[in-house]
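Given chain A's structure and the hints, the job is docking chain B onto it.
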Amino acid sequence: MRIGVFICHCGENIGRTVDCPAVAEAAGRFPGVAYAVDNKYMCSDPGQNLVKNAIKEKNLDAVVVGSCSPHMHEKTFRKACSDAGLNPYLFEMANLREHCSWVHEDIVEATKKAIDLTRIAVEKVKRNVPLEPIRVPVTKRALVIGGGISGIQAALDIANAGFECVLVEKEPSIGGHMSQLSETFPTLDCSQCILTPRMVEVYQHPKIKLLTYSEVENVEGFIGNFKVTIRKKARSIDDTKCNGCGNCAQKCPIKKKAFSEFDEGLSFRSAIYVPFPQAVPNIPVIDRSVCTYYQTGKCQMCVKVCGREAIKFDQEDSFITEDVGSIVVATGYKLYTIDKKLDDSEIKGYGEYGYGKYKDVIDGLQFERIASASGPTSGEIQRPSDKKTPKKIVFIQCVGSRDESKGFSYCSKICCMYTAKHAMLYKHKVHDGEAYVFYMDIRAGGKGYDEFVRRAIEEDHVKYIRGRVSRIYEENGKYIVKGEDTLAGKSITIDADMVVLATAMIAQPNASKLAQTIGISYDKYGFYNEAHPKLRPVEVSTAGIFLAGACQSPKDIPESVSMASAAAAKSLVLFGSDVLEREPTVAHVNDSVCAGCFYCQKVCAYNAIEKKEIRDRHGNLIRTIAYVNSGLCQGCGTCNAVCPSKAVELIGFNDEQIYAEINAL
Amino acid sequence: MKIGYYPGCSSSGTGKEYDISLRKVLNLLDVQLEELNDWSCCGATSAHATNHLLSVALPARNLIIAEDQKLSEVVAPCAACYNRLIVTQHELETNPQLEKETSELLGKSVRSGISIINIIELFVHIGKEKITEKKKNDLKGIKAACYYGCLLVRPFNITHFDDPEQPSSMEKIISATGAQAIDWNYKIECCGGAHSFAHKEIVVDLSRKIIDDARLHGADVIVVACPMCHSNLDMRQRAMKNHQEMPILYLSEFIGLSLGIEPKELGIGLHFISSDSLLEKVGSKE
Numbered sequence: 001m002r003i004g005v006f007i008c009h010c011g012e013n014i015g016r017t018v019d020c021p022a023v024a025e026a027a028g029r030f031p032g033v034a035y036a037v038d039n040k041y042m043c044s045d046p047g048q049n050l051v052k053n054a055i056k057e058k059n060l061d062a063v064v065v066g067s068c069s070p071h072m073h074e075k076t077f078r079k080a081c082s083d084a085g086l087n088p089y090l091f092e093m094a095n096l097r098e099h100c101s102w103v104h105e106d107i108v109e110a111t112k113k114a115i116d117l118t119r120i121a122v123e124k125v126k127r128n129v130p131l132e133p134i135r136v137p138v139t140k141r142a143l144v145i146g147g148g149i150s151g152i153q154a155a156l157d158i159a160n161a162g163f164e165c166v167l168v169e170k171e172p173s174i175g176g177h178m179s180q181l182s183e184t185f186p187t188l189d190c191s192q193c194i195l196t197p198r199m200v201e202v203y204q205h206p207k208i209k210l211l212t213y214s215e216v217e218n219v220e221g222f223i224g225n226f227k228v229t230i231r232k233k234a235r236s237i238d239d240t241k242c243n244g245c246g247n248c249a250q251k252c253p254i255k256k257k258a259f260s261e262f263d264e265g266l267s268f269r270s271a272i273y274v275p276f277p278q279a280v281p282n283i284p285v286i287d288r289s290v291c292t293y294y295q296t297g298k299c300q301m302c303v304k305v306c307g308r309e310a311i312k313f314d315q316e317d318s319f320i321t322e323d324v325g326s327i328v329v330a331t332g333y334k335l336y337t338i339d340k341k342l343d344d345s346e347i348k349g350y351g352e353y354g355y356g357k358y359k360d361v362i363d364g365l366q367f368e369r370i371a372s373a374s375g376p377t378s379g380e381i382q383r384p385s386d387k388k389t390p391k392k393i394v395f396i397q398c399v400g401s402r403d404e405s406k407g408f409s410y411c412s413k414i415c416c417m418y419t420a421k422h423a424m425l426y427k428h429k430v431h432d433g434e435a436y437v438f439y440m441d442i443r444a445g446g447k448g449y450d451e452f453v454r455r456a457i458e459e460d461h462v463k464y465i466r467g468r469v470s471r472i473y474e475e476n477g478k479y480i481v482k483g484e485d486t487l488a489g490k491s492i493t494i495d496a497d498m499v500v501l502a503t504a505m506i507a508q509p510n511a512s513k514l515a516q517t518i519g520i521s522y523d524k525y526g527f528y529n530e531a532h533p534k535l536r537p538v539e540v541s542t543a544g545i546f547l548a549g550a551c552q553s554p555k556d557i558p559e560s561v562s563m564a565s566a567a568a569a570k571s572l573v574l575f576g577s578d579v580l581e582r583e584p585t586v587a588h589v590n591d592s593v594c595a596g597c598f599y600c601q602k603v604c605a606y607n608a609i610e611k612k613e614i615r616d617r618h619g620n621l622i623r624t625i626a627y628v629n630s631g632l633c634q635g636c637g638t639c640n641a642v643c644p645s646k647a648v649e650l651i652g653f654n655d656e657q658i659y660a661e662i663n664a665l
Numbered sequence: 001m002k003i004g005y006y007p008g009c010s011s012s013g014t015g016k017e018y019d020i021s022l023r024k025v026l027n028l029l030d031v032q033l034e035e036l037n038d039w040s041c042c043g044a045t046s047a048h049a050t051n052h053l054l055s056v057a058l059p060a061r062n063l064i065i066a067e068d069q070k071l072s073e074v075v076a077p078c079a080a081c082y083n084r085l086i087v088t089q090h091e092l093e094t095n096p097q098l099e100k101e102t103s104e105l106l107g108k109s110v111r112s113g114i115s116i117i118n119i120i121e122l123f124v125h126i127g128k129e130k131i132t133e134k135k136k137n138d139l140k141g142i143k144a145a146c147y148y149g150c151l152l153v154r155p156f157n158i159t160h161f162d163d164p165e166q167p168s169s170m171e172k173i174i175s176a177t178g179a180q181a182i183d184w185n186y187k188i189e190c191c192g193g194a195h196s197f198a199h200k201e202i203v204v205d206l207s208r209k210i211i212d213d214a215r216l217h218g219a220d221v222i223v224v225a226c227p228m229c230h231s232n233l234d235m236r237q238r239a240m241k242n243h244q245e246m247p248i249l250y251l252s253e254f255i256g257l258s259l260g261i262e263p264k265e266l267g268i269g270l271h272f273i274s275s276d277s278l279l280e281k282v283g284s285k286e
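Taken in sequence, the protein lines are chains A and B.
So that you can map any letter, position 638 of the first sequence is 638 in the working numbering, and since no number is skipped, the others follow by simple counting.
So that you can map any letter, position 223 of the second sequence is 223 in the working numbering, and since no number is skipped, the others follow by simple counting.
Just chain A, same shape as in the assembly (with noise of 0.2 Å):
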């Protein structure tokens, strides 16, 4: 054989405790090793180059490279070793970085060490054999999960490119948190305003299928094949009858027994109803916990007053099943529980604010309701309790956020803005009314961002406060704040009219669950991580499937909107071509081995084990063996593992080749 190694010094990642030169040299020595070499970064363009042109002026018939990680460079030294003739499955890498010279000092002991990886790389790719990638069909038809602005602008971005779209989501209304809101920072233009109009688009679109009140409950196949089963959740009401009319939500003689969810328990909703009136699609759905038909079997209100026969008590959930290429999670956020603590996660609480025990202690939605024109209060600032003007109001950040102790060490990101501008609707609503906010650092990194918070102190005279707030609790009428002005170095009480408190953002709920069902990976708080967080910010480990807004992490809209659209390019560059090819590094079963006990079946995680039977020329049945699906297969290995027999095979990795690399250390 005729080996070309080539160490990299990766700058002086790898060459500040490993002698380069010294392991080249003595790969060198390696026998089947015709060229070593050594350089200072072997992933730039002379790097590069010297593999191509060491393979055709050196005759070499593989390739070993030691170097970063497979993860980091793999792909890169492959192509370089096709785009010279050579099969890219006779190259091998040896981590010099990750798992040497990192991890160690000693520059001696760290060369030994470098030596003994590339000998074992050496001996696996004198076993390696040319592999082609495996060839699969595309389903050019993308889901998109969850319908809030990220949602919303990732389907109406894959369907003005022509392709279908499925779009899930698990409210009666998509529109998500975005709805609620007032108006926006920094231009203070109506949220409501803006983002109806692309409500409205995503409903009337011919090549988006929309699926409100719906759930995503399974998902089967790989890039290119998914199938996705939906839970269709019984709206109680035949969708296909429904004109919108409202009758029965107005008749529904439920008044004040369910909280509103659109406007933040601020005020009460029907048993039947539509969560907001612009929503879409406009279609009611029964609240099955407080319907009184639903509690007592009697009423039937909306029946009666419907013209169109739509109610339709006796709903059940139906399941669909849909084929999609890829996938685009934007499920969004939720804000922090600040009222009690949950016994089974990290959260604290914020139990010395009073939220939930004081009505005028609120958090940052409920604002945004009460100084929405359609909120509750018809964008007039009241406080809930009494409906007086709140003249002295006192906003809290980082509540949640930044604060190890309650559980959550991240920056929420969006609070320094909105906060700045709750303030400013405040002022601009309450000419008289006085507005303290009390912050920990004023993060407004954006476009017009810190010329916006400038404009509420200065202009607005919004008061800020560094520093945070200890305790709120009522005394006379008055709600006491006190915290720290840790520029003045004094304490700080004030006798507010009511609170609003900036609380973190958090992953949804079900998050985790979600993720476990897609297949993807989260982080400790439950945000979906992404597969790099500089270069691959939208793609998860999982191919073929992309995030898109604050699921990610805590996101303003601009942000959100841009993810999504990023989200959306990354689907279309799939649906780009009709064939996708994937690695051919995947299980192979032994027919003549095989014994059919099915171990790996019970074992593999991606389903990709099937059953095959074996006939004789007549056609009769003679054995039942495994058979690997390549194109589920993710090459993991465990039914290699498991097999009694020894007839399952990981292409590239098979016994011979472990073995070797075993042997040669």
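It should be emphasised that the hints constitute simulated quantities derived from the structure, not laboratory data.
Treat the hints with care, as some may be off.
Stated by the list, open to error - Listed next, with one range per pair, are the computed distances between beta-carbon atoms:
no., chain 1, residue 1, chain 2, residue 2, range
1, B, Ala239, A, Gly477, 25 to 33 Å
2, A, Gln300, B, Asn157, 54 to 62 Å
3, A, His99, B, Leu53, 28 to 36 Å
4, A, Glu583, B, Ser168, 30 to 38 Å
5, A, Asn476, B, Ala239, 19 to 27 Å
6, A, Ser512, B, Gln97, 19 to 27 Å
7, A, Lys75, B, Glu93, 42 to 50 Å
8, A, Gly32, B, Pro96, 46 to 54 Å
9, A, Glu109, B, Pro96, 25 to 33 Å
We put the CB at the ideal spot given by N, CA and C, even for glycine.
This is chain B only, laid out in the frame that chain A set:
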């Protein structure tokens, strides 16, 4: 149940009645106290305001004594003693340099592993059920404000006791006596602590705010778990102008009343502020 007992200096001085009442109550609740032999002062505020090594070495000496007596659990009824002992354990575990210096100074090192508990934790261990079982005098109708002060719940990452901002364990114990624990705003505010000696006016001001808030929420009595808090809230009421007196009782005294122990035996007569109004309601006489 047997438990190690670190009385602390105030138990023989200003907080004598705390020690007296605690011993009586625990006796009735079948808890045997084993006092640390030849224990010394924990150093309190004075030591850690003077010298860091001293402030660790003093409690460390007592921890070593407890180890020598093979105690696994030690109760320190004084909040400051409790805090110093548990903070010392933490510092010795996390600061090897300090640990080395301390062992050199004492000629012996702290092996740790002893559980230091405060008086509230002790009653939580004993259990509400036990108090209810031994109850002779139902304190129904009494409204009590449970006062924690600063040192019992802080710093949380060391004490790991209750919720540092919204503690509620004392209220749960109090409810076993039949009394009603009120919801109020000042239960973890500072009483002024050792400023009582050099800056009396600060303590008068802070303590007054605490007492006023308790009264505003209808309290008949403030129940405390710290001799420093007790002396500030009790002794400094005389210096408050236009002030209506509020009885201040130790948690052990309060529980003692419900167990039917005579107020005099609990040392209630040793306070500056008379508890007559309260005792009348309870139905016992000082």
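These are the hints, each one checked on the structure:
no.	hint	verdict
1	Ala239/B to Gly477/A: 25 to 33 Å	holds (31 Å)
2	Gln300/A to Asn157/B: 54 to 62 Å	holds (58 Å)
3	His99/A to Leu53/B: 28 to 36 Å	violated (45 Å)
4	Glu583/A to Ser168/B: 30 to 38 Å	violated (57 Å)
5	Asn476/A to Ala239/B: 19 to 27 Å	holds (26 Å)
6	Ser512/A to Gln97/B: 19 to 27 Å	violated (42 Å)
7	Lys75/A to Glu93/B: 42 to 50 Å	holds (48 Å)
8	Gly32/A to Pro96/B: 46 to 54 Å	holds (52 Å)
9	Glu109/A to Pro96/B: 25 to 33 Å	holds (27 Å)
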